[in-house]
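Visitor: This is what each chain is made of:
There are 2 protein chains.
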Amino acid sequence: MSALKTMLNPKVTAVVGVSTSNPFSPGNVIFRKLAFEHGLPTYPINPKGGKVEGVDVYKSIAEAPNDIELVVISVPAKYVPSVLEQCGEKGIKSVIVVSGGFSEVGSSGVSLQAEIVEIANKHNISMVGPNCIGVYVPDVLDTFFLPSERVARSTKGHAAIISQSGGWLIERLEEFADRRVGIAAAISIGNAAQTKVTDFIEHFGNDKNVNVIVCYLEGFSEGEGREFVEACKNIAQKKPVVVLKGGKSEAGHRATQSHTSSLAGIQAVASAAFKQYGVIHAVDEDEVMAYAKVFSFAPKYMMSDRIGTLSVSGGHGVIASDEASSYGLEFPLFSEEEQSMMREVMTPAYRSIASFRNPCDLTGSASDIDYEKVLDIMLSFDNIDAGLLLLLPYAPGISLQIGARVANVSKQHPKTVVAYVPDLNKYEVITRGFELNGIPVADTIEEAVQMLNGIRARTRYLQKIGVC
Amino acid sequence: MSALKTMLNPKVTAVVGVSTSNPFSPGNVIFRKLAFEHGLPTYPINPKGGKVEGVDVYKSIAEAPNDIELVVISVPAKYVPSVLEQCGEKGIKSVIVVSGGFSEVGSSGVSLQAEIVEIANKHNISMVGPNCIGVYVPDVLDTFFLPSERVARSTKGHAAIISQSGGWLIERLEEFADRRVGIAAAISIGNAAQTKVTDFIEHFGNDKNVNVIVCYLEGFSEGEGREFVEACKNIAQKKPVVVLKGGKSEAGHRATQSHTSSLAGIQAVASAAFKQYGVIHAVDEDEVMAYAKVFSFAPKYMMSDRIGTLSVSGGHGVIASDEASSYGLEFPLFSEEEQSMMREVMTPAYRSIASFRNPCDLTGSASDIDYEKVLDIMLSFDNIDAGLLLLLPYAPGISLQIGARVANVSKQHPKTVVAYVPDLNKYEVITRGFELNGIPVADTIEEAVQMLNGIRARTRYLQKIGVC
Numbered sequence: 001m002s003a004l005k006t007m008l009n010p011k012v013t014a015v016v017g018v019s020t021s022n023p024f025s026p027g028n029v030i031f032r033k034l035a036f037e038h039g040l041p042t043y044p045i046n047p048k049g050g051k052v053e054g055v056d057v058y059k060s061i062a063e064a065p066n067d068i069e070l071v072v073i074s075v076p077a078k079y080v081p082s083v084l085e086q087c088g089e090k091g092i093k094s095v096i097v098v099s100g101g102f103s104e105v106g107s108s109g110v111s112l113q114a115e116i117v118e119i120a121n122k123h124n125i126s127m128v129g130p131n132c133i134g135v136y137v138p139d140v141l142d143t144f145f146l147p148s149e150r151v152a153r154s155t156k157g158h159a160a161i162i163s164q165s166g167g168w169l170i171e172r173l174e175e176f177a178d179r180r181v182g183i184a185a186a187i188s189i190g191n192a193a194q195t196k197v198t199d200f201i202e203h204f205g206n207d208k209n210v211n212v213i214v215c216y217l218e219g220f221s222e223g224e225g226r227e228f229v230e231a232c233k234n235i236a237q238k239k240p241v242v243v244l245k246g247g248k249s250e251a252g253h254r255a256t257q258s259h260t261s262s263l264a265g266i267q268a269v270a271s272a273a274f275k276q277y278g279v280i281h282a283v284d285e286d287e288v289m290a291y292a293k294v295f296s297f298a299p300k301y302m303m304s305d306r307i308g309t310l311s312v313s314g315g316h317g318v319i320a321s322d323e324a325s326s327y328g329l330e331f332p333l334f335s336e337e338e339q340s341m342m343r344e345v346m347t348p349a350y351r352s353i354a355s356f357r358n359p360c361d362l363t364g365s366a367s368d369i370d371y372e373k374v375l376d377i378m379l380s381f382d383n384i385d386a387g388l389l390l391l392l393p394y395a396p397g398i399s400l401q402i403g404a405r406v407a408n409v410s411k412q413h414p415k416t417v418v419a420y421v422p423d424l425n426k427y428e429v430i431t432r433g434f435e436l437n438g439i440p441v442a443d444t445i446e447e448a449v450q451m452l453n454g455i456r457a458r459t460r461y462l463q464k465i466g467v468c
Numbered sequence: 469m470s471a472l473k474t475m476l477n478p479k480v481t482a483v484v485g486v487s488t489s490n491p492f493s494p495g496n497v498i499f500r501k502l503a504f505e506h507g508l509p510t511y512p513i514n515p516k517g518g519k520v521e522g523v524d525v526y527k528s529i530a531e532a533p534n535d536i537e538l539v540v541i542s543v544p545a546k547y548v549p550s551v552l553e554q555c556g557e558k559g560i561k562s563v564i565v566v567s568g569g570f571s572e573v574g575s576s577g578v579s580l581q582a583e584i585v586e587i588a589n590k591h592n593i594s595m596v597g598p599n600c601i602g603v604y605v606p607d608v609l610d611t612f613f614l615p616s617e618r619v620a621r622s623t624k625g626h627a628a629i630i631s632q633s634g635g636w637l638i639e640r641l642e643e644f645a646d647r648r649v650g651i652a653a654a655i656s657i658g659n660a661a662q663t664k665v666t667d668f669i670e671h672f673g674n675d676k677n678v679n680v681i682v683c684y685l686e687g688f689s690e691g692e693g694r695e696f697v698e699a700c701k702n703i704a705q706k707k708p709v710v711v712l713k714g715g716k717s718e719a720g721h722r723a724t725q726s727h728t729s730s731l732a733g734i735q736a737v738a739s740a741a742f743k744q745y746g747v748i749h750a751v752d753e754d755e756v757m758a759y760a761k762v763f764s765f766a767p768k769y770m771m772s773d774r775i776g777t778l779s780v781s782g783g784h785g786v787i788a789s790d791e792a793s794s795y796g797l798e799f800p801l802f803s804e805e806e807q808s809m810m811r812e813v814m815t816p817a818y819r820s821i822a823s824f825r826n827p828c829d830l831t832g833s834a835s836d837i838d839y840e841k842v843l844d845i846m847l848s849f850d851n852i853d854a855g856l857l858l859l860l861p862y863a864p865g866i867s868l869q870i871g872a873r874v875a876n877v878s879k880q881h882p883k884t885v886v887a888y889v890p891d892l893n894k895y896e897v898i899t900r901g902f903e904l905n906g907i908p909v910a911d912t913i914e915e916a917v918q919m920l921n922g923i924r925a926r927t928r929y930l931q932k933i934g935v936c
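Which chain is which? The protein sequence lines are A and B, in order. One point on numbering: in the working numbering, the residue at position 447 of the first sequence is 447, and numbering is uninterrupted. One point on numbering: in the working numbering, the residue at position 24 of the second sequence is 492, and numbering is uninterrupted.
Any given hint might turn out to be false.
[Claimed, not checked] Think about it this way: if two alpha-carbon atoms lie no more than 30 Å apart in a straight line, the pair counts; the simulated DSS-like pairs of lysine-lysine are:
no.: 1; chain 1: A; residue 1: K426; chain 2: B; residue 2: K894
no.: 2; chain 1: A; residue 1: K426; chain 2: A; residue 2: K233
no.: 3; chain 1: B; residue 1: K624; chain 2: A; residue 2: K156
no.: 4; chain 1: B; residue 1: K479; chain 2: B; residue 2: K624
no.: 5; chain 1: A; residue 1: K426; chain 2: B; residue 2: K624
no.: 6; chain 1: A; residue 1: K415; chain 2: A; residue 2: K208
These aren't lab readings, by the way, just hints derived from the structure by calculation.
Between the sequences and the hints, there should be enough to build the whole structure, so can you do that?
Guide: Right under this line is the structure:
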């Protein structure tokens, strides 16, 4: 495992496959990122020698200095075995093979891939790839060969992402940045010829800096699926593991074969196995985002399925009810007594038009203080396990302070609470007010319900194994 | 129907219920919007007289001038009957009742609501509401009592929205503005005491400026459901009608009752009936957006279920395949000959790593011209009915011109094409390039598939009734 630790935090790196004529070649992009953006001592390597960006080029790994901890290989596939052999002879333990042209292109590539695995194993090298875009650790390193201006710089945080698709990974980085979810590391695993998703699950499972692990999987070769869920079983006791499985449909599965040459996969048993082993199974990219975000907040438990909901628009309550129902979550009808308790704290002029049956609709006449007071009462009810706050800041009585105000009420209660605020720049102050005070904010009503579903699924697993 | 036409384009209006002491009262907000933002001659009315914003206040509708075409009533419920009576006596045919306190608050409100319907009917008044936020027609009028700085100003366009929830409507206006979908009109129908959703369906169905009608429904009173689908049957021959039905779950249904007092609704038969009558049934807000947007482009037909897909990331193809499959749409496997035809036009250096089986993955090495050339070949294949373009502009060979370039290739073919581009400001040029050239752009892969599903559903209906 320590080779992976070095891979994600090397002191000195080398890039094999820089071009002295094409500054836009993948090797050069990677070299510039490592050397200049991240300030890592990095040796550029090309058999022809010369200079790249004013830096002397070494003709081979063998000729380069001895302090290299990570090598990134970006040369045509047929040259990869000899470069890897040199890495082994030099005692380098961490290598990322960006090059394509292996198992994903058919039988010739399959044997070449077997060859590099054998070399890596012989020398105890931890090899990521081939056919990957490598690894990204905020503030530390970035081996993605994509131009920097095209990829979001994520903030440092506590979510680790592992993906069998580089494109999918890049998009998640953009999305996580946009949704203010910090990243601990992002791994493009490529063909996973030697280092597997499971290795990184175990690595991040034991990394105290990581709060949630997010995986995109397309398939496993024989036996790997079992290893994966066994690893998850151990890790899920410590932290949530969220998995999206691509290739459910016939065409989708065909596409995974053309893409990473993975075998039939474990779709049929995936959902049940994931559930048994505590893996949180996301069915689409929206759920991935909802679960990643909510767990980055380390939410309180949700001990049963019952939600109390406050809105300022009847339609929002209706839509949330329908969504919750599709996830098996309930909105219990509040008793007459409970309804009276809430009604009593509302501004008298609006009491008669508000509804408190759950979902509660405080109406467009409600103000911040109505929302605070009713929430404080609602969160004290024994018949709910979580609070769902639907904010429609168009109502004239709702101010931009409502996020922080309501979050501070929530803090007084042991129940988990999530909020929905429309995704508009003008409401950024509301969203920040919630999030800086520990309440995750969803972009859509559906996402807010998915967040609660994620919390409930995780709590249910922890209840099953006796943790809570 | 002409009273609705006047309601949406009045020459002179009056607002009953302005306050001379509280400039933020709903009546005052509405008065300022009509008089100053929209420059409509508008009489403020309050029994006490005085001045509002420097304008003389009339003491009643009876005392106001005779040229009023639309009256907006925002007074406590108990005063609404007498105001409405005065409107009738003055020969005013269009009235919007913003006031709450009718059927949505229980039995006392039910009888008051029956009373105002009787008055409106007696005088042949078309009355929208009560308990609504009224109507919004870009550049013409806006009776929403929400502060202007809180609500997006939609651009003028061809989508009409009718909603039983004011909150839902406001959010769609924000979302449509954000997604560049123009609005012809937006109607908050409230309790729909007299003027029904069906009346507006018919009105917009016959309005040549409207390309697509979008409805949010929570329920119908007895007999109304049948009238609604019959109206849709007529209108759907001319233009798409997209419906989202809220209140599917028990709690959701309970919420609709507390909200607009609608009866049991037609959920059980809704989906089948909608399909039979050509209504496009959206299951959630994401589908509403996808369908509204794609039909605002007046897309070409999609004669069968088969899609050809181009991506530059294998993972995107996998996810699109899975999504398409869940909608019953297919990605046919391209023949060896077809694959060769596409491979031949690729840049030689990348031919061997690209995949053309469908979904086609041109890889992160592809350039604009590869994308153009392969698309041109693919759209000529007889075994697909539509093109799905998945753009990952992070690839270094993809320029910001790709949208316009690819759209211009699509124009040469009779097949419908939609695109996915990540929703980031930096790709705005790509998105505009597509959309200005007639290709709708989705925010997510899922939305792109939903757009094709909407086109396919509509084409299927038009095939059934012999239109295409």
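Visitor: All the hints need checking, so say for each whether the structure fits it.
Guide: How the hints compare with the structure:
The suggested pairing of K426 of chain A with K894 of chain B holds, with an alpha-carbon distance near 20 Å, which does not exceed 30 Å. At roughly 43 Å between alpha-carbon atoms, K426 of chain A and K233 of chain A are farther apart than 30 Å, so this suggested pair is violated. For the proposed pair K624 of chain B and K156 of chain A, the alpha carbon gap of about 42 Å is over 30 Å, so the pair is violated. Proximity of K479 of chain B to K624 of chain B is assessed by CA-CA distance (about 19 Å); at most 30 Å being required, the pair is judged to hold.
With a CA separation close to 22 Å, the supplied pair K426 of chain A and K624 of chain B stays within the 30 Å bound. Of the pairs offered as hints, the one joining K415 of chain A and K208 of chain A holds, with about 25 Å between alpha carbons and a cut-off of 30 Å not exceeded.
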